[in-house]
Amino acid sequence: MTDLRGRFRVMTMKCRSAMAVSTFCLVFLAAAAVAQKGGELRFCLRSEPKTFDPLKVEDDASVAIRYLTAGVLVRMNRQTQALELELAQSWKVSKDGRQITFKLRSGLSFSDGTPFSAEDVAYTVRQLMDPALHSPTGDAFRSAPGNVETKIISPTEISVTFPAPVAGLDRQFDQVAVLSAHSPKKEMAVLGPFMVADYKPGVTVVLKRNPNYWKTDAQGHHLPYLDSIRLDIQPNRDVELLRFKRGEIDLINALDSEYFDKLASTSPQLVHDAGPSLDSEQMWFNEVAKAPLPAFKKNWFRSAAFRRAISEAINRADLSRVVFRGHAQPAIGPVSPANRFWFNGKLKPELYSPEAALKALQAEGFRLENGTLKDLAGNDVVFSIITNSGNKYRERMATMIQEDLQKIGIHVNVVTLDFPSLIERMTQTFDYEAILLGLTNVGLDPSEQMNVWLSSSENHQWNPQEKTPETAWEAEIDKLMRAQASSADAQKRKAAFDRVQEIALEQAPFIYLVNKNALSAVAGSVQGASPVIVVPQTYWNVERLTVK
Amino acid sequence: MSFWRRMACAVLLLVVGVSLAANWLAPAGYAKQYREASDAPPSHQHWMGTDAIGRDRFARVLYGTRISLLLAPAAALLSTLLAALVGGLAGYSGGAWARGAMAVTDLFLSLPWLFLLITVRALMPLNVSPLASILVTFLMLGLLGWTSAARVLCTTAGSLRNSDFVQQARAAGIRGGRLFWVHVMPNLKPVLLAQFWISIPVFILSEANLGILGLGVVEPMPSWGSLLKELEGLVSVGEEPWKFVPLLLLIVVVTSFQLVLTKQEEVTA
Chain A
1 MTDLRGRFRV MTMKCRSAMA VSTFCLVFLA AAAVAQKGGE LRFCLRSEPK TFDPLKVEDD
61 ASVAIRYLTA GVLVRMNRQT QALELELAQS WKVSKDGRQI TFKLRSGLSF SDGTPFSAED
121 VAYTVRQLMD PALHSPTGDA FRSAPGNVET KIISPTEISV TFPAPVAGLD RQFDQVAVLS
181 AHSPKKEMAV LGPFMVADYK PGVTVVLKRN PNYWKTDAQG HHLPYLDSIR LDIQPNRDVE
241 LLRFKRGEID LINALDSEYF DKLASTSPQL VHDAGPSLDS EQMWFNEVAK APLPAFKKNW
301 FRSAAFRRAI SEAINRADLS RVVFRGHAQP AIGPVSPANR FWFNGKLKPE LYSPEAALKA
361 LQAEGFRLEN GTLKDLAGND VVFSIITNSG NKYRERMATM IQEDLQKIGI HVNVVTLDFP
421 SLIERMTQTF DYEAILLGLT NVGLDPSEQM NVWLSSSENH QWNPQEKTPE TAWEAEIDKL
481 MRAQASSADA QKRKAAFDRV QEIALEQAPF IYLVNKNALS AVAGSVQGAS PVIVVPQTYW
541 NVERLTVK
Chain B
549 MSFWRRMACA VLLLVVGVSL AANWLAPAGY AKQYREASDA PPSHQHWMGT DAIGRDRFAR
609 VLYGTRISLL LAPAAALLST LLAALVGGLA GYSGGAWARG AMAVTDLFLS LPWLFLLITV
669 RALMPLNVSP LASILVTFLM LGLLGWTSAA RVLCTTAGSL RNSDFVQQAR AAGIRGGRLF
729 WVHVMPNLKP VLLAQFWISI PVFILSEANL GILGLGVVEP MPSWGSLLKE LEGLVSVGEE
789 PWKFVPLLLL IVVVTSFQLV LTKQEEVTA
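Chains as they are written, first to last, in the numbering used here: chain A, 1 to 548; chain B, 549 to 817.
Isolated chain B (complex conformation) (with noise of 0.2 Å):
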């Protein structure tokens, strides 16, 4: 493993551990409003400062990055597993199965997943309490993240349903689901996971994107989109630098992911 493989697991578990322990970090919690000191910059109460409405930003950030990194993982493994039963099994059926899931999901990619989330969100129940809604979110972007993996698994199951061992296993004897689990699914792992782990930013931005178009976790609870809105109409970056710690955070975060991620790659090949 090399130097910057291993700084990337280091950042990613640091910031995991930071996260789980914001109860003892920041007791106050991340909806206490300290109406008197709205906005202000860091001080020894508030590291971070606090938002606009008084909220500590130490303690939001930690909160935010506790739901944007355990549900983004989530998120992936949702969308991979509904991945690997559609791209894994159309790929390994062959034929009329594959085309026509492929049509199924070239209609899911071709749809504007942005507008879709917004329709969806405008549809969803309005008294949705703050944990629900994060659950929603990711459950969302869960299922319809599945697309692009679910090509890359049909094209690697479609290559191996013709291979040596899947005939030699078939003239075995063994058939249907045995075959699929047994013999397929293991040889598909690699790519599952390299997929698991490319999901894993590409949800955490995501989130970032409908938190900051005002869709995705709602008030009081933070997630780093919610902290990103924080941004809009900054207009000198060197006013309130403090401000800009969800988003060097997020770029770490996203760049150990794809340091990480290289190792599965390398795997994958």
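Chain A extracted, bound-state conformation (with noise of 0.2 Å):
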């Protein structure tokens, strides 16, 4: 009996002892969840932001803005790449792809105390849609002319009707920040978790936390943890990264990879490489018809069989390495594969091959002669390429491609132009034979790049503006890009946009080269960072940051 109490005894005591420090750890782990609140986080935007409207929004710093302080209906999450429900509780598409209905949160409110409703959504609808506001996210939308109807179901219930199907539907209201149709501060009442406090034209923006935004995390902490955000407007690389160094901004976002190295040789644990972005490096040649170019020069850049032998005697692998040391990956496609779902992993990579290449020239009448490539009239195989001037990557790649053609007898000239100069040989003149330039992509979705695969599109770099598509291949393209385009169903989109990037490997009017690596670079100070290859890379889950 002794015993027993003399157990319960020791049990009663190792029991109050372990209550004790379990209630010293949860007092603990609460204060440390109380001390992560609050802080600011400093980063550098690389303009100057144009506009605080959200749906005027195009240049990259307001893109930024439009981001920390947006409330948008649905968010792709930037890590998995799906979507989220925001300030919808749920969404519907239409099997015609055509009308969208989203169901409420309710008991939200703006910036400024405003309250949140379906009528919020119609309004700005209306504003996106508005031809008079030129807005460049509303034009994602425009499928077909006609009128977007809105229908207000109730105060939490709302559905949005399109003249014809949009491709990608719910995904694009992933830009649509939604405004406040009452609230005198117009667009400056937000829903997102910042709100814009100050700005100082040429110096700053600071964002300061939204009081009322309405989100929480799993212990029921209002987020966003930090008090503010400074952006500091910076254009100078250079300075953006000695800043960094000396602990004056936490992030940096597309960091060069020559500076990825030097602060990775100092500082590894600060710097991140998440992977080929989804940007690529490409060039193509001049099939413009009319362009002011010889006509054997036309008959060679029309000729797949020569775009691809050119293809097929660039080292690529050389290039990610060398040029961009080893932080991109060999373009495979139109597509990267870090765009999980649209890209087509049946695409062979193109193996660099010199012989091969000058193989298949001379299976087209080329002959090589004293170490020059001549054509069957007797020609040499001379262009140049253009790249923008001040693009040190650029000029780079374009010096290597000159010393691998060189491998096949073919002459490369590397000309460096302004980019304004570039861009009126490129649509204006049509005053070129190749150009080396990048693609960035912002979006996932293959409707996104209508405008470069469509033959009439202005952005159809290689032959812009045909009348009707020149060549079959290009009136394939045309009618599997029409196709994704107007269907809801995600699989039948897919099968087309497969077929694009097929047939843009089998003609290669681009040529794609790398895809650069998404790196970024991060202070010890943040936590919570996980940077992706997705814009904004560092910063996408920028509720839940905090600052040491």
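In short, the hints are calculated from the structure, not lab data.
Mixed in with the good hints there might be a few duds.
Claimed, not checked - Not the full set, but computed from the structure, chain B residues with beta-carbon under 8 Å of chain A:
(1) S586
(2) Q593
(3) I601
(4) I722
(5) M769
Said to hold, decoys possible - Beta-carbon label-pair distances, calculated as ranges:
(6) R726/B <-> N236/A: 55 to 63 Å
(7) E355/A <-> V566/B: 47 to 55 Å
(8) E355/A <-> L753/B: 56 to 64 Å
(9) R46/A <-> M555/B: 43 to 51 Å
(10) L779/B <-> A317/A: 51 to 59 Å
(11) L561/B <-> Y199/A: 58 to 66 Å
(12) V566/B <-> R237/A: 31 to 39 Å
(13) N571/B <-> K374/A: 45 to 53 Å
We put the CB at the ideal spot given by N, CA and C, even for glycine.
Given two chains presented individually in distinct reference frames, assemble the corresponding complex, making use of the accompanying hints.
Next up, the structure:
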């Protein structure tokens, strides 16, 4: 009995000790959680934001501010690339892809206290689709002429009907910031985690926590954790890096590969390589019929065999390894493998083989004489590659391609031009032979590339604004792109866009070179950052970031 | 000749001599890409390391020096001749001619030359070989760089026009071209020489500026301008000091030219 009492006493004491330890831990954790809150995140915008109106946003700086301040109905999770609910509790797209119905969260209000309802969504859609506003975000929804109808079913339910199917309709709403229909503060009243508190042109934009933000974490703490964000306007990347090293800023997005390596050599824990991004570097030949080029050169450039041979003679692995110091991957096609759903996994990467390239050219009637490739008529194969001056990576790629093509007797002249001159040649005079540039992809959906692939488009770079498709394969691409854009069936759209990727590889109107990796730097003081490949790489989960 | 002037001459001769021997000192050439050894530090194989795409920096410095040092004097010669023609003749003729020529000169002086060069480069045909690009770059510099010298020469020639010996020559029946070439031009020589020497470092720096903007000599040809581009984005001086060799060379050569020039200025005075 004594033993039992003794044991009971010992057990009681143990229990008390355990309880004390548990209580201490809980108090400590709670204190830690409270301590997590607050702080200011600092990073640089590389240009002046052109607008704070989220519907007029076009430039990168304004896009960043929109991401941090805007309340959206649905948001693409930048890590999983899946669409998640935000202001909407649920959504449904009609089978014909023309209508979307949102059920909204209730009891929310804008940063100035104005209540949020379906009326605000209807107002936003009307503003977005107003032709007088010229909203770049709205352009993505303009699938056909006609009015967009909004129907408020209840204060928390609304349907939006478009005149024709809109490809990836639900995903397009990731970019649509909901405006208040009634707030006197207009677009400055926001539903997102932060609101613009101060703006000094050319110097800084300060964002403060939105006191009415609706989200909470698992423990019920109000998000965001941060008190404020200071965005310094700093176009010079060297200065940005120096300031990061000095601890004056906390993040760098889209870090340059040279800077990445320099930073990695001293502080490897601060840099992040998230793998291939959505961006690609590519070159293309001028295939415009009216271009002021000799006929024999037009014949080369309009020949798929010639373009394929050039593609085969370029050592992409070296471009990735040398120019981007290994922080890039040889590109396979128009879609980066980082775009998990839309990338056509069946495509085979182009193998580097100057011998095979030369053989293919010889089969087309070209011949190698004294180290110089000549065409059937005896013309030396010489062409120029233009790129924009000041971009050292593109200049280096062009110089390496120059040496690669020299191996099969092709002489390349590398020309660097200031950007306006390059664009004028590319879009107005068509006075160029080949161009090396990059394509920045922000969205994942192929519909965002419609302006590149449709033969009638202005941005169909190799041969813009064709009245009717000049080749059978361009006609097929037109058909496939329109088919995918007008379908609401994701699998059918995927099948159509897979075929577009195959044609792009077979015909090589663009010679895709590399997909650059998404590189970033995050200071040790920032907690919760997990950089991804999709913009904004480092602060996509800004609500949950804390600064020590 | 002072010690420093002698030193400056010796440095210039040495630099020119070494650059002319580039074919023997760097037989692999300036364009060969050692892709397995890109951005390498100095080693036995590559004395000054390699650039971002693996080209031997020592070879590129030698060939770049040759290009910059041989063509800058050529451009200086062209601009000085143009200045002599426009400024000298205008000053000698005086009156409306001088006013007209100086108005044209002022117009050229007021043009933003950098934008002008960018525009001219953009208008040039695209398929220009690297060698032609060098010639065109320095030709453009020569054709656009005569204006300041022309103003100086106009003033000098103007003062000579009414000098005693020119009056005497006129009284002796010498007229027109003969008077200009035989009696005026020899007296402009010291000013012309000074202008020539002054122009050389100016053109070297101008080419370097154009090269930094990616508008000078085209790849794979090196020039001091394109070599200096490597310093772009270099965050710390101490990290890769060998990358500063082209900059040091530029400073040494321009300083040497200035020291030699002091002598010419004394002659002019």
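Here is how each hint holds up against the structure:
| no. | hint | result |
| --- | --- | --- |
| 1 | S586 | holds, 5 Å |
| 2 | Q593 | violated, 17 Å |
| 3 | I601 | holds, 5 Å |
| 4 | I722 | violated, 52 Å |
| 5 | M769 | violated, 10 Å |
| 6 | R726/B <-> N236/A: 55 to 63 Å | holds, 60 Å |
| 7 | E355/A <-> V566/B: 47 to 55 Å | violated, 40 Å |
| 8 | E355/A <-> L753/B: 56 to 64 Å | violated, 46 Å |
| 9 | R46/A <-> M555/B: 43 to 51 Å | holds, 47 Å |
| 10 | L779/B <-> A317/A: 51 to 59 Å | violated, 29 Å |
| 11 | L561/B <-> Y199/A: 58 to 66 Å | holds, 60 Å |
| 12 | V566/B <-> R237/A: 31 to 39 Å | holds, 36 Å |
| 13 | N571/B <-> K374/A: 45 to 53 Å | violated, 29 Å |
Violated hints for the displayed structure, listed by number in ascending order: 2, 4, 5, 7, 8, 10 and 13.
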